[in-house]
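J.: What follows is the residue order along each chain.
2 protein chains.
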Amino acid sequence: MRMSKLFLRTLREDPADAEVASHRLLVRAGYIRRTAPGIYSWLPLGLKVLAKVEAIVREEMDATGAQEVHFPALLPREPYEATGRWTEYGPNLFRLQDRKEADYLLAPTHEEMFTLLVKDLYSSYKELPLTLYQIQTKYRDESRPRAGLIRGREFIMKDAYSFDIDEAGLAASYDAQRAAYERIFTRLGLDYVIVSAMSGAMGGSRSEEFLFPCEIGEDTYVRSPGGYAANVEAVHTPSPEPVEAAVVAGLPAAYVADTPDTPTIESLVDVANATQAKPDGGAWTGADTLKNVVVTLVSPTGARELLVIGLPGDRQVDAKRLEAAVFPAEVEQATAKDLASHPELVAGYIGPGVLGPNGTPRDSDGTDSAEGAVRYLLDPRVVDGTAWITGANAAGKHVFGLVAGRDFTADGVIDVAEVRVGDPAPDGSGPLELARGIEIGHIFALGQKFAKALDLKVLDSNGKAVTVTMGSYGIGVTRALAAIAEKTCDDKGLSWPVQVAPAHVHVLATGKDEAVFTTAEGLAAQLEAAGVEVLYDDRVKVSAGVKFADSELLGLPFALVVGRGLADGVVEVRTRASGDREELAPDAAVARLLELLAGASA
Amino acid sequence: MRMSKLFLRTLREDPADAEVASHRLLVRAGYIRRTAPGIYSWLPLGLKVLAKVEAIVREEMDATGAQEVHFPALLPREPYEATGRWTEYGPNLFRLQDRKEADYLLAPTHEEMFTLLVKDLYSSYKELPLTLYQIQTKYRDESRPRAGLIRGREFIMKDAYSFDIDEAGLAASYDAQRAAYERIFTRLGLDYVIVSAMSGAMGGSRSEEFLFPCEIGEDTYVRSPGGYAANVEAVHTPSPEPVEAAVVAGLPAAYVADTPDTPTIESLVDVANATQAKPDGGAWTGADTLKNVVVTLVSPTGARELLVIGLPGDRQVDAKRLEAAVFPAEVEQATAKDLASHPELVAGYIGPGVLGPNGTPRDSDGTDSAEGAVRYLLDPRVVDGTAWITGANAAGKHVFGLVAGRDFTADGVIDVAEVRVGDPAPDGSGPLELARGIEIGHIFALGQKFAKALDLKVLDSNGKAVTVTMGSYGIGVTRALAAIAEKTCDDKGLSWPVQVAPAHVHVLATGKDEAVFTTAEGLAAQLEAAGVEVLYDDRVKVSAGVKFADSELLGLPFALVVGRGLADGVVEVRTRASGDREELAPDAAVARLLELLAGASA
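Quick note, the sequences are listed as chains A and B, same order. Residue numbers 1 to 602, in the working numbering, belong to the letters of the first sequence in order. Residue numbers 1 to 602, in the working numbering, belong to the letters of the second sequence in order.
Wrong hints could be hidden among the right ones.
No copy is singled out in the list; a pair is fine if it fits within one copy or between any two copies.
[As the list claims (entries may be wrong)] Calculated lysine to aspartate or glutamate pairs in the EDC-like style (CA-CA distance at most 20 Å, straight line):
no.	residue 1	residue 2
1	K119	E13
2	K52	D62
3	K100	E330
4	K512	D538
Keep in mind the hints are simulated off the structure, nothing from the lab.
Using the sequences and the hints given, assemble the complete structure.
T.: Written out as structure tokens, the structure is:
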């Protein structure tokens with residue numbers, strides 16, 4: 001490749017909409033270009049990197065025995081209707097109609113289609129296990145596309161699906177994919193943490209995410225010194241043991257006290273300490289209060305339901321944990337209209353008395369209605385026998401010493417309070433730390449959800465029809481590319497590892513001396529003859545400074561600079577990542593580059 | 001690849017919806033599978049062929065210096081609005097809205113996006129010429145998807161776009177792409193005819209189609225002994241010289257005669273011969289009659305307009321020529337409602353008197369209205385001074401000797417009559433023959449249509465902004481694959497040329513003898529070590545007959561059969577296309593296959 005002909009324009013200015021380094025630099029270096037929100041075009045250099053990332057993914061998939069197929073992106077509604085996902089995906093799904101007004105979608109993932117294809121072709125346990133995959137363009141109408149390729153609306157995914165006759169088979173298929181993912185991310189040069197995950201839309205029994213640890217990541221996960229790691233959504237808070245009956249029996253009766261102007265936990269704690277003695281003689285803290293948070297759940301069909309979540313006052317509800325817990329419903333703030341038929345909910349002073357089973361009777365189907373009590377779920381820490389300060393359902397009043405199980409009950413448990421640094425890991429492996437990461441892979445032991453919905457059965461060795469057990473395994477290919485850029489870039493530009501770089505060596509001819517260009521051209525040819533991919537900056541009338549800046553921005557792993565030193569018989573070999581520079585005779589420089597490349601690929 | 005593990009099921013029955021051999025066999029052989037009308041999934045063997053076809057296209061594109069990029073399929077409306085194609089594409093365009101109700105489309109072709117990208121990056125004539133391409137999934141909501149991959153709604157296209165500063169540059173870019181297309185189709189093993197074409201939706205000055213000659217093709221083209229070749233839509237009918245004034249002066253006056261029960265040209269000719277003498281004493285024929293055909297044009301915005309086409313009664317209107325001539329309007333049969341406000345159109349007896357400039361005055365904007373006369377266009381053969389029998393606008397009456405130019409005029413010319421075998425080629429190169437073909441490539445010298453609409457200018461050598469001149473060049477990649485299948489298949493199945501076959505040699509182990517399987521396995525390994533792609537039929541409990549049938553259906557170029565003969569020290573080498581069989585010692589068979597493969601790739 002010659003820069004004089006390459007379809008490229010580097011930008012000195014950051015694009016206005018770019019929040020993260022990979023996005024900023026991929027655009028500035030002319031690898032990608034924004035076409036619409038969350039939708040990008042690939043320019044020549046970007047497409048070369050993408051092809052190399054895809055090739056590594058493909059090789060490792062093939063090595064597991066997975067077979068590549070390719071499904072359309074434009075799919076009919078019916079299979080997604082059968083599994084409920086046509087509705088469940090809500091506004092994240094791009095939907096359209098064809099000229100005959102038949103419903104179609106742009107596939108966000110292809111479980112349904114793979115299930116139907118296997119059903120179409122296979123009928124016996126002898127044909128299993130089977131793992132199929134594709135590297136394909138996917139669509140999700142994200143509400144907030146952001147960070148360039150990291151959260152886009154059109155993106156490339158590798159999705160694989162395993163089909164087994166039983167759970168043991170699924171476990172083996174799952175492990176094979178998990179191991180392949182470890183090899184893939186290692187080859188791509190991406191660190192990863194494997195965290196337990198909620199399976200969300202997928203259902204199923206086991207699910208893990210591969211996260212690239214990174215400050216700008218959207219996924220928060222926790223880890224413990226003992227090796228526990230989980231997506232924040234998946235952290236399970238163990239309930240403390242219930243308080244012993246004898247202790248509960250000794251607890252004083254609850255009483256209502258005036259607590260004017262205490263709409264917040266902080267103000268409540270202040271007033272409590274100023275006016276009410278704590279039975280154990282200590283000071284009241286936020287952990288003594290039971291906060292009741294009102295939200296509205298919107299089901300995929302659009303039905304709205306109020307929900308109150310009771311949790312210790314020193315903890316917040318974590319929005320992502322809540323979203324995951326109530327899926328497929330979505331969470332919205334309760335509107336004035338939602339609240340209008342519930343005058344019993346006194347803002348800032350809500351308490352259990354009017355909620356859930358302690359409230360007025362609800363409809364027989366258990367759902368909320370204008371006449372019924374609002375559903376009430378409690379944090380796992382609020383075990384029977386614990387005493388709380390909580391709202392008395394009247395402005396300016398709280399109740400003190402209200403005992404769970406004795407004075408109130410709830411409709412159930414919901415584990416959506418924030419996870420905090422220092423919380424104990426659920427497996428006893430020590431205090432949790434928080435970290436952020438980008439989800440680059442996700443593997444699911446789906447089980448039979450899709451096979452049941454679409455009736456995928458095969459005959460077992462006794463001739464009996466049994467439902468197939470499935471797994472699904474995704475890698476965000478374009479997102480992984482962005483993660484590599486994010487990891488390796490610096491303030492000067494991109495810095496690709498050899499295995500995914502658009503070319504290996506950037507040959508720069510600087511100055512105006514014709515001998516420089518002749519020598520550079522010869523060295524480029526020598527390198528190419530040795531199988532090295534070269535980008536040759538042969539531009540005339542472009543200053544050395546601009547060429548150096550472009551070279552650092554484009555981020556090829558090595559550069560060979562032919563310039564002023566040539567008069568003294570030397571050229572310069574530069575290593576982008578380390579910044580190392582070596583002056584060498586031209587032939588020695590070629591040999592050195594071959595050595596560096598061999599070392600980098602090893 | 002081993003058949004025992006390959007995700008494949010061959011079918012003995014033809015799929016019900018398959019009209020053509022390639023479709024039937026690609027489905028039966030497990031290469032593709034229908035997902036929705038005109039939308040197909042690719043199974044492992046099909047995907048391997050597709051990858052090889054793509055690789056050949058990519059190599060030849062790269063060899064022209066064209067640079068590969070990749071655009072999204074999901075695109076915003078605005079650029080297509082700017083060029084008018086959002087509307088022009090009519091119901092062929094898949095349109096959708098995102099969650100914010102912004103309009104999007106699934107791109108049928110990407111002229112707009114390439115134009116905008118070049119505008120975004122380039123600004124000087126020094127950066128031109130430039131040719132960019134992509135191999136990408138395209139969408140068209142065909143009204144009649146058919147013939148499997150030949151006319152689909154989601155398909156893969158290679159589309160390239162050239163950018164030049166002037167017409168001479170465009171001509172050079174066009175010729176380079178044209179030459180690359182010749183190499184591509186030759187390498188794919190596809191015969192092709194290059195025909196002049198209408199540029200249709202594209203506008204522009206020069207346009208040629210690459211057709212694969214084939215009975216099942218949807219494109220009819222004409223050719224002459226002297227080398228003329230054109231798409232039927234593009235055939236230009238030369239007008240005869242106008243009749244000399246002196247001759248016209250001697251023509252008798254027109255007169256109306258009763259011609260009851262003559263709704264067809266045949267019945268009219270019969271009645272004319274029975275009741276009216278022809279001035280030259282001969283017999284009336286269909287060529288003496290002027291037939292007036294009513295159609296409705298529907299504009300992209302949905303407006304309906306009646307149009308009457310006058311042409312010699314012995315010719316039919318060609319639907320495709322008409323469609324191309326009135327593009328972007330679409331043609332429909334005139335409905336009773338369309339006709340209701342035009343009682344002057346008497347079915348079977350329509351004549352010029354009530355039409356076009358001879359009719360009652362029309363609206364000032366020239367369009368049809370309930371009060372105005374219907375637009376009237378004439379075949380080029382109806383030159384001034386020619387005399388005709390035509391409708392008298394009253395049931396059961398025709399007018400005889402009505403002279404064009406003397407007695408009636410029209411709004412213009414429309415060249416949409418059928419082209420017939422034996423018609424003279426427009427370039428005088430002899431009588432035309434008709435043939436059918438599949439359009440596998442199309443190249444357009446677009447000129448400035450898109451650059452003007454989207455304001456793509458660069459500075460020329462004088463620092464003056466000039467509009468760029470473009471070309472666009474498409475290959476239907478999935479369609480070309482189907483054309484190869486169509487060309488090479490026979491009644492037993494597919495028969496791939498080596499360069500696109502999913503593998504080179506099909507090794508078959510037949511019988512139950514363990515030595516057969518051991519030997520077959522060893523020979524497969526030997527071939528693979530020599531770089532040969534092998535599909536090994538290692539299935540046990542599958543009869544030799546089924547294996548042979550599958551092998552012929554899958555259509556690998558060569559087969560190596562290890563079976564009964566092994567006891568006598570021989571195996572069989574089969575060539576799929578010729579049916580040749582040779583018995584050889586195992587090692588000699590491997591050598592022979594290497595020789596055959598070298599010959600086939602040469």
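J.: Does each hint hold? Answer for all of them.
T.: So, going through the hints one by one against the coordinates:
1. Only between protomers do K119 and E13 lie at most 20 Å apart by alpha-carbon distance; the minimum there is 18 Å, versus 53 Å within a single protomer.
2. In the homo-oligomer, the alpha carbons of K52 and D62 lie at most 20 Å apart both inside one protomer (15 Å) and across protomers (17 Å), since each shortest distance falls under that limit.
3. For the identical chains of this complex, K100 and E330 are inter-copy neighbours only, at 17 Å across copies versus 32 Å inside a copy, given an alpha-carbon limit of 20 Å.
4. For the identical chains of this complex, K512 and D538 are intra-copy neighbours only, at 11 Å inside a copy versus 65 Å across copies, given an alpha-carbon limit of 20 Å.
When held up to the earlier numbered hints, the structure conflicts with none and fits them all.
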